[in-house]
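Chemist: Residues per chain are reported as follows:
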Amino acid sequence: MEELLEILEEINPDIDYETATALIDGKMLDSFSIVSLVTEISDAFDIEISPKYLVPENFNSVQAMMKMIETIQDEE
Amino acid sequence: MSITSVTFILFLLVTVVLYYLIPGKYRWLVLLASSMFFYMMSGVSNGIYILITALSTFGSAIFMQKIADSQKLYFKENKESLTREDKAKIKKKNNSKRKTLLILTLILNFGILCVFKYSHFALEQFNNAISLFGAQPIEDTMKFIIPLGISFYTFQSMGYLADVYWNKISAEKNFLRLLLFVSFFPQITQGPISSFEQLGKELFDVHEFSYKNYSWGIQRMMWGFFKKMVIADTLSPWVYDVFENYAQYSGITTLIGAFMYSVLIYADFSGYMDIVCGFCEVLGIKLTENFDRPYFSKSIAEYWRRWHISLGVWFKAYIYYPIAVSGWNKKLGKFSQKKLGKTFGKTVPASVALVVVWLTTGLWHGASMAYVAWGGVNGLFIILSLWLEPLYDKCKSKLKIRENATWFRAFQTIRTFILVTFIKVLPEVGTLSEGFGLWKNIFTSKIIPDSWQTLLPFIDNIYDDHSLRTINVVIFGTMLIFITSMIQRKQPIRQFLGKFPLIVKIAVFLVMFFLIVYFGIPASGNAGGFMYAQF
Chain C
1 MEELLEILEE
11 INPDIDYETA
21 TALIDGKMLD
31 SFSIVSLVTE
41 ISDAFDIEIS
51 PKYLVPENFN
61 SVQAMMKMIE
71 TIQDEE
Chain B
1001 MSITSVTFIL
1011 FLLVTVVLYY
1021 LIPGKYRWLV
1031 LLASSMFFYM
1041 MSGVSNGIYI
1051 LITALSTFGS
1061 AIFMQKIADS
1071 QKLYFKENKE
1081 SLTREDKAKI
1091 KKKNNSKRKT
1101 LLILTLILNF
1111 GILCVFKYSH
1121 FALEQFNNAI
1131 SLFGAQPIED
1141 TMKFIIPLGI
1151 SFYTFQSMGY
1161 LADVYWNKIS
1171 AEKNFLRLLL
1181 FVSFFPQITQ
1191 GPISSFEQLG
1201 KELFDVHEFS
1211 YKNYSWGIQR
1221 MMWGFFKKMV
1231 IADTLSPWVY
1241 DVFENYAQYS
1251 GITTLIGAFM
1261 YSVLIYADFS
1271 GYMDIVCGFC
1281 EVLGIKLTEN
1291 FDRPYFSKSI
1301 AEYWRRWHIS
1311 LGVWFKAYIY
1321 YPIAVSGWNK
1331 KLGKFSQKKL
1341 GKTFGKTVPA
1351 SVALVVVWLT
1361 TGLWHGASMA
1371 YVAWGGVNGL
1381 FIILSLWLEP
1391 LYDKCKSKLK
1401 IRENATWFRA
1411 FQTIRTFILV
1421 TFIKVLPEVG
1431 TLSEGFGLWK
1441 NIFTSKIIPD
1451 SWQTLLPFID
1461 NIYDDHSLRT
1471 INVVIFGTML
1481 IFITSMIQRK
1491 QPIRQFLGKF
1501 PLIVKIAVFL
1511 VMFFLIVYFG
1521 IPASGNAGGF
1531 MYAQF
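Listed in order, the protein sequences are those of chains C and B. Using my numbering, you'd call the opening residue of the first sequence number 1 and step up by one each time. Using my numbering, you'd call the opening residue of the second sequence number 1001 and step up by one each time.
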């Protein structure tokens, strides 16, 4: 979680990620941020995020992102 | 069958009556029968292509699902004996089979689309290339009738297939249900391009008759007919007169023509969406929305998130993300970060994906270099704004501009509307050089209009009573679109109307009906000929 928060802070430090639950639906993160985020997460967690995971539900909150990372880790 | 014709209204009426007469679980069969009837009315022979798409998509998805299901079962039955490496090997082998199926089906379906849409364009480019070496051009004798809605149903079907490939959804096991998803008549000619997850649920759920859905649906259809038949069909000959004759017109007349085009295409396309979404609402079916007040956008990127939304979502899901997060692009991003700095390097994977997306979007809209350039210009603005964002933020901070200040938001909105208008007209004039010629004429024409007739030469007998009334109705209609958009910021327009007494609602309905009948039909030489249907 800490690692993910650090990555997010670097992308946009003005967002309170711990409480945000609509990062995509609330237009706080756009598709450019998602692309940067995917690269950083892939490197940090050593996973391959396929395009099928790139849906708003997986990026709306830190918790959703962690859940997605765990799912991919389980699959791999 | 023209969507603004009486025949179509009768066809809708019969569909609605049959839909609600039949028991809930069979209602989708009425929609399938209506969709087949509607499609066959455009030419029986072209039905073969939509059947090929539906059959190939259905078969391929079923095979992919079978492979995935067998793998799951095998893993479950051999849970104890299989090692992690064994599982990885099996997964790799099965994924490769599924990928082959996906690629073959994509080639088949996009191949059909390309043959119909791009053969003339490809031959033209080939002839241009060989003429550089002095070779004789090949005569273009190809004659195609493009199957109705081929761009829309191909994209929708291939999106479904990719979703099955990615295990986002399970393959549909009933061919007739998939055929309905591919051919659903309200969206076949101009979209929206929907996902199976969303539209499938709407089509196959049981919807009971509701007065609210019926009333709201009819109101939305009326608004759509008004936008299409009164505003778009009246503006259409005026706009195309300017596009054809701009060289003889003043700069201000050309500029008026360009802005009229922005109103025309919005009224035409969103009018169609209102008609079909309204009709589906009567059936209790919610279609994906394609517009979110796009002319109120503050940047080109935002505009494209609010105009033809379903196409943007499709490109984002199936072209932009797969390219932007692909292994080679990520490597390119890292290399760029090392060589060009972290801030700029980070934008490289997204920029590469955007170039592909926008050139493809251009080609999707039309098989000409003018459309490719149009896509390129849109992409260029979006990529430049991505690159220049840090600089832009610095400028705003130095000039102490508050992002939320009303004047600044208004400035951004007006600036975006002007830019969008200039970009929009580029491919519509004809060739690319004619498009640039129109831009040039706006700023360099030496003609000065000295009367209303020379300012607005595209209107015959401008002082005639009917012409004056028509101009007033178009201005009134355009203002009405603007006002309704302002109201929609706070609440849906029909919710707003619902607060008024019944007599006011009836009056609005009657005025709208009168305007459609009086101004719509006589002004509409090509009623039913929607602009986006050509794509």
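Just so you know, the hints here were simulated from the structure itself, not pulled from any lab data. Among the clues, some could well be false.
Okay, derived cross-link-like pairs now, EDC-like style, lysine to aspartate or glutamate, Cα gap no bigger than 20 Å in a straight line [unchecked claim]:
id	chain 1	residue 1	chain 2	residue 2
1	C	K27	C	E10
2	B	K1334	C	E6
3	C	K27	B	E1077
4	C	K27	B	D1140
5	B	K1092	B	E1077
6	B	K1092	C	E75
7	B	K1117	B	E1085
Some chain C residues flagged as far from chain B (calculated, every beta-carbon gap over 10 Å) [said to hold, decoys possible]:
id	residue
8	E6
9	Y17
10	I49
11	M66
12	M68
Pairwise CB distance ranges (calculated) [said to hold, decoys possible]:
id	chain 1	residue 1	chain 2	residue 2	range
13	B	Y1211	C	I15	41 to 51 Å
14	B	S1131	C	I15	50 to 60 Å
15	B	F1500	C	D43	18 to 28 Å
16	C	A44	B	Y1118	41 to 51 Å
17	B	K1342	C	E75	25 to 35 Å
18	C	D25	B	D1465	49 to 59 Å
19	B	N1095	C	K67	22 to 32 Å
20	C	I15	B	F1335	27 to 37 Å
21	C	D43	B	T1100	25 to 35 Å
22	C	K67	B	V1017	20 to 30 Å
23	C	T21	B	E1289	16 to 26 Å
For glycine and all other residues, C-beta sits at the position ideal for the given N, C-alpha and C.
Chemist: Which of the listed hints are not met by the structure?
Modeler: 3, 4, 7, 10, 15, 22
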